[in-house]
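Protein chains in written order, with full-length UniProt numbering: chain A, 1 to 237; chain B, 1 to 237.
Just so you know, the hints here were simulated from the structure itself, not pulled from any lab data. Treat the hints with care, since some could be wrong.
[Said to hold, decoys possible] Think about it this way: if two alpha-carbon atoms lie no more than 30 Å apart in a straight line, the pair counts; the simulated DSS-like pairs of lysine-lysine are:
1) A/Lys-123 <-> B/Lys-123
2) A/Lys-123 <-> B/Lys-214
3) A/Lys-123 <-> A/Lys-140
4) B/Lys-123 <-> A/Lys-140
5) B/Lys-140 <-> B/Lys-123
Given the structure is predicted, the values throughout are model-derived calculations rather than measurements.
Here is how the chains run, residue by residue.
Protein chains: 2
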Amino acid sequence: MAYELFYWSPIQGRGEFVRLALEDAGADYRDVARIDGDGAVSALMEESSTPPFAPPFIRDEDVIVGQTAAALFYLGPRLGLAPDDERPRLWTHQVQLTIADLVDEAHDVHHPLGIGRYYEDQKDESARRAEEFRSERLPKFLGWMESVLERNPSGPEYLVGTTTTYADLSLFQIVAGLRYAFPERMTALEGAYPNVLALAQRVSERENIAAYLKSERRIAFNTMGIFRHYPELDGSR
Amino acid sequence: MAYELFYWSPIQGRGEFVRLALEDAGADYRDVARIDGDGAVSALMEESSTPPFAPPFIRDEDVIVGQTAAALFYLGPRLGLAPDDERPRLWTHQVQLTIADLVDEAHDVHHPLGIGRYYEDQKDESARRAEEFRSERLPKFLGWMESVLERNPSGPEYLVGTTTTYADLSLFQIVAGLRYAFPERMTALEGAYPNVLALAQRVSERENIAAYLKSERRIAFNTMGIFRHYPELDGSR
Chain A
1 MAYELFYWSP IQGRGEFVRL ALEDAGADYR DVARIDGDGA VSALMEESST PPFAPPFIRD
61 EDVIVGQTAA ALFYLGPRLG LAPDDERPRL WTHQVQLTIA DLVDEAHDVH HPLGIGRYYE
121 DQKDESARRA EEFRSERLPK FLGWMESVLE RNPSGPEYLV GTTTTYADLS LFQIVAGLRY
181 AFPERMTALE GAYPNVLALA QRVSERENIA AYLKSERRIA FNTMGIFRHY PELDGSR
Chain B
1 MAYELFYWSP IQGRGEFVRL ALEDAGADYR DVARIDGDGA VSALMEESST PPFAPPFIRD
61 EDVIVGQTAA ALFYLGPRLG LAPDDERPRL WTHQVQLTIA DLVDEAHDVH HPLGIGRYYE
121 DQKDESARRA EEFRSERLPK FLGWMESVLE RNPSGPEYLV GTTTTYADLS LFQIVAGLRY
181 AFPERMTALE GAYPNVLALA QRVSERENIA AYLKSERRIA FNTMGIFRHY PELDGSR
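If we strip away everything but chain A, and leave its shape as in the complex, we get (with noise of 0.2 Å):
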């Protein structure tokens, strides 16, 4: 049976790290809100003796699996996108899951006081979240994970091994998320990061995530979902 995706349909959003998973791998998968409306989701997290608090959530037959990055911790070997050990997998999934906290951060860029209140209502604490993630955050995590590539001992051409993992598929999404809400940012920022520029670049042109971004399936980027392009809140410092 496909592997079945759960999440909110007109957003790439956590949903898109899954997506990119089953895209890259050639999974055969159901992106379920997108066939059968948002309400198939809400519908599964009421009934479920293992409910996810939130989407996105894969189903594998009788197996649910929410929060993204166990989520790909599920998927990746079954996809052969992770490690076969303990150690590099587990490795893996700590990648991604700081990979998710810059994610957080993202999205808390534009809403700093929380999910209830619209953007527009909480425009000026946004302003001042954005300096701190433009100036410090950002070039905090992109350091770190430039770190991760010159530090793996088997050389600076993916996250984790010699092998393509989730975790470099996601990084691509970071990089193509944060060229889009912080245009300007992060073209004063990436010549410090050559690696994790490399990585994304060369991502993006693996044979299916190449056939994928020109399809209809991949969703634009747009100002409801955690990347937001705001350009109030980008500027080159």
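Could you slot chain B onto chain A? The hints should help.
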């Protein structure tokens, strides 16, 4: 060799979730920063080929595992605090990752504009974020934990299965932290989550946990940690 826990010495913080597991299991462990100083934490991050992004992290011989939930995922089976089978083990991990999300939000209540500014420089914004946390987020997280207990096919005594896991210990820590930080709000809310409260109580009475909580190894909650008691952020609603 003993496990080593690396975390900043003056606070419970995220390190406490790992410490509770080590303490409950009666494991031989070194609390590195409290013995060798915080510099030992930074030093290992600088030199590792699998560098943690931030503490806490653990070292087990030559394995280093960062990200709180991943460290517990690694330690759980070794300490007898995780299920044997893959599926419930991954479910335990999902519960822990959701607890980690709550911890992040509990932190952001007093730092909505980012970690670079003191609380005193973002008090007004904190008060606004705290409203949503108290009225929406806290009930949502506690309600989810209550439903996890209610839906456990083995009964509501444990979050997963029929034995104590590290997630149960973490639930205790969440309840303790929330009661410290938001005493008025927790008093108003607690009646709605009887299974959560009963589990927290049972954990506090476990022999090794009870001894630990009375020991000097248990750092007191304080206003440098994640759960902070600022009366102006609390309230019955």
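Structure-based check of each hint:
1. Distance check on the hinted pair: A/Lys-123 and B/Lys-123 sit about 17 Å apart at the alpha-carbon level, within 30 Å; holds.
2. Restraint check: the Cα-Cα separation between A/Lys-123 and B/Lys-214 comes to about 46 Å, which exceeds 30 Å; the hinted pair is violated.
3. With a CA separation close to 24 Å, the supplied pair A/Lys-123 and A/Lys-140 stays within the 30 Å bound.
4. Under the criterion of a C-alpha separation no larger than 30 Å, the hint pairing B/Lys-123 with A/Lys-140 is consistent with the structure, at around 26 Å.
5. Restraint check for B/Lys-140 and B/Lys-123: satisfied, since their Cα atoms lie roughly 24 Å apart, inside the 30 Å limit.
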